[in-house]
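Visitor: Sequence:
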Amino acid sequence: TGQTSLVLLEGDAGMGKSQLLSLLKQLAFERNIGTLSGTGNSIERAASYHGWRGVFGQMFDINILADLEAQKQLFLELIDFYEPETLPLVPLLNPVLPFNFADTAVTTHLSGQARADNTRNLLIQLIQTSMNRSPKIVILDDAHWLDSASWSLALAAVRRVKSMLLIIATRPLTRPLPHAYRELLRLPQTTHLEIGPMPPSDLIDLVCNRLQVQTLPPEISQLILDRAQGNPFFCEEMAYALRDTGDLIVEQGTVRLSKSYNAYETSMPTTVQGIITSRIDRLTPAQQLTLKVASVIGRLFPFGTLRDVYPIAADRLKLEDHLLELERQSLTAVESIEPELAYGFTHVITQEVAYNLLLYEQRRQLHERVADWYESVYLGYVNHEERLLNADGGVITVEKKPIEENSFIIPLLVHHHHHAHNEEKERHYALLAAQQAARQFANTEAVSYYSRVLELTPKDKKRERYDILVAREQIYHLLGQRTAQDRDLFDLALLAEDLNDDRSRAWVALRRAVYELATSQYQQAVDTAQIAMTLASMLEEHAMEAEGYLQWGLALLALGEYDQTVVQLEKANYQARLLGERELEAASLQSMGQVFHVQGDASKARGYFMQALMIRREIGDKRGEARGLNNIGRVLLLQGELEKARSYLE
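For the sequence shown, the tail end lands on 654 under the numbering used here, and the numbers increase by one without skipping.
None of these hints come from the bench; they were simulated from the model. Be a bit skeptical, because a hint or two may be false.
Using 25 angstroms as the maximum straight-line C-alpha spacing, the simulated BS3-like pairs for lysine-lysine come out as follows [unchecked claim]:
#1 LYS429 <-> LYS465
#2 LYS608 <-> LYS648
#3 LYS463 <-> LYS429
#4 LYS166 <-> LYS626
#5 LYS166 <-> LYS29
With the hints as extra help, turn the sequences into a complete structure.
Guide: Given below as structure tokens:
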């Protein structure tokens with residue numbers, strides 16, 4: 005039918021979601037159906053669109069080339085062939101591709117909601133182009149770690165893309181549920197499958213398959229069924245543990261119990277974490293260390309990263325042997341060979357257990373080494389007392405690059421410096437991450453980062469705390485979180501007085517007027533906007549003054565004082581045009597259109613709405629453009645021009 009369908013797979017850890025997806029991929033391959041896969045990552049859960057990176061990387065087949073510049077050239081050639089009109093927008097793809105394109109003349113002025121809308125629209129367009137070439141299955145695994153932008157893209161894709169099957173696998177989410185997730189559950193094309201315990205016969209078949217035997221001794225079958233409670237991953241790990249200890253002897257497709265089985269039964273761990281711990285304890289110290297170091301890097305770990313951060317330099321040449329044994333033990337597996345060799349934990353629970361076996365100081369030092377590695381390789385810094393070495397034993401030398409060219413790495417640096425307890429560096433990168441998230445309109449993540457930066461900023465750094473609160477308050481406004489916004493405005497007012505700074509006082513007054521307008525305190529908004537304008541005019545802060553006129557006018561409009569509303573809005577519009585503030589100019593024109601619309605002067609209202617619409621289109625504000633089209637459509641309905649109205653409202 006061409007309609008997109010969604011399957012939501014929900015189940016606890018170890019219930020077999022990833023195994024189902026693996027089988028699905030195999031079936032799709034056998035039937036010549038394309039699949040594109042992405043995954044959520046606990047380390048990058050605040051990085052915008054990170055869950056979709058794999059999808060877009062596979063969409064353009066960039067991983068067939070090892071060299072990043074060659075990948076970039078291939079991508080640009082494909083875009084030029086399939087979607088040439090989108091070339092000026094490619095910097096918007098930086099969150100999902102590793103190329104870090106510099107802003108173009110088209111994208112440089114896009115920020116906030118306009119940038120987010122354009123990014124999402126471009127991503128949807130590329131997904132649809134891929135589906136037009138051949139319908140595909142798109143898979144998002146570990147969705148419980150997706151960021152808000154990834155969830156929003158999933159919702160937009162289901163609503164707007166045709167000829168796609170989207171499958172999302174997740175553990176049960178904690179409340180409050182993401183808005184996009186709630187909306188996905190309501191869609192008629194959504195099938196919600198909850199994965200429960202596996203039937204006993206299937207569990208035994210699974211264990212036989214993993215051990216490559218035909219049957220199990222009845223005692224083992226009963227032990228597994230009693231302990232695992234229908235959890236297939238627990239079953240697998242129990243079987244491996246029994247095999248590893250020699251209590252279960254596997255020979256030429258048959259299995260038998262050893263004489264020590266009864267003694268072992270009394271000490272069998274009762275949790276899957278305990279089983280995995282017992283298996284790790286039986287590895288050699290070097291193999292254990294390899295697994296633990298890998299757990300700090302993440303669920304997936306490139307061999308080059310593991311080699312460079314491994315703390316015992318003399319043992320680095322033996323890492324491949326250690327990894328071979330870990331693979332034989334089904335603890336890790338090769339994930340990719342090209343463009344670089346990378347491994348992954350067979351299950352995230354294994355990674356979590358290995359990580360939790362690290363002592364506090366070991367964990368801190370390893371996070372420090374990983375953070376230093378990222379800074380060295382991606383930013384050109386070398387901070388650790390031991391210089392990082394390449395495969396040949398030489399010192400890594402990398403050209404230092406601006407941080408904005410490696411924006412995808414920032415959330416990783418926040419994570420690792422946090423766990424390394426390097427508060428100075430964590431604060432530095434958390435601020436960059438907050439600014440990056442705000443620019444991409446990932447507001448939930450931006451608030452989280454700004455809040456962390458505030459925690460790490462000393463109380464006596466009043467100017468810095470003021471600047472952080474200025475940024476966070478605006479995001480609370482966008483999110484509609486009025487209590488938090490009010491609290492930040494109160495704190496900002498105190499800091500402005502501590503700083504004894506009129507510009508800060510003017511800004512706080514202006515933002516208080518915005519808040520009062522949003523909370524229907526219209527007369528207070530008029531009074532507060534006038535205070536802000538008086539201070540701004542005295543300081544010759546004309547942009548702030550123009551914004552004050554706009555807020556004053558909007559408050560008067562809400563009070564029904566239309567003549568005075570027009571006076572203030574015209575002042576705002578005049579100042580905006582002088583300053584080249586196109587967004588403010590469009591907002592004032594649209595507001596004047598509203599004045600004449602409520603007064604019944606459809607002709608004037610339409611004229612102002614049209615002017616605002618033209619500016620919105622020039623600056624690429626898709627959301628503002630949609631509002632403008634809606635306003636014009638409503639005016640045309642009042643004028644009785646039904647056909648024209650339909651063209652705008654559709």
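Visitor: LYS608 and LYS648 were given as a pair; does the straight-line alpha-carbon distance stay at or below 25 angstroms?
Guide: This hinted pair holds, its Cα atoms lying about 17 angstroms apart.
Visitor: For the pair supplied as a hint, LYS166 and LYS626, is the alpha-carbon distance within the 25 angstroms limit?
Guide: With a Cα-Cα distance of about 22 angstroms, the restraint between LYS166 and LYS626 holds, given a limit of 25 angstroms.
Visitor: Keeping to a limit of 25 angstroms between CA atoms, is the pair of LYS166 and LYS29 held or broken?
Guide: Holds - the C-alpha atoms of LYS29 and LYS166 are around 20 angstroms apart, at most 25 angstroms.
Visitor: Hint check: LYS463 vs LYS429, CA-CA at most 25 angstroms. Holds or violated?
Guide: holds (18 angstroms)
Visitor: Holds or violated: are the alpha carbons of LYS429 and LYS465 at most 25 angstroms from each other?
Guide: holds (16 angstroms)
Figure legend: structure checked against the earlier numbered hints; every hint is met.
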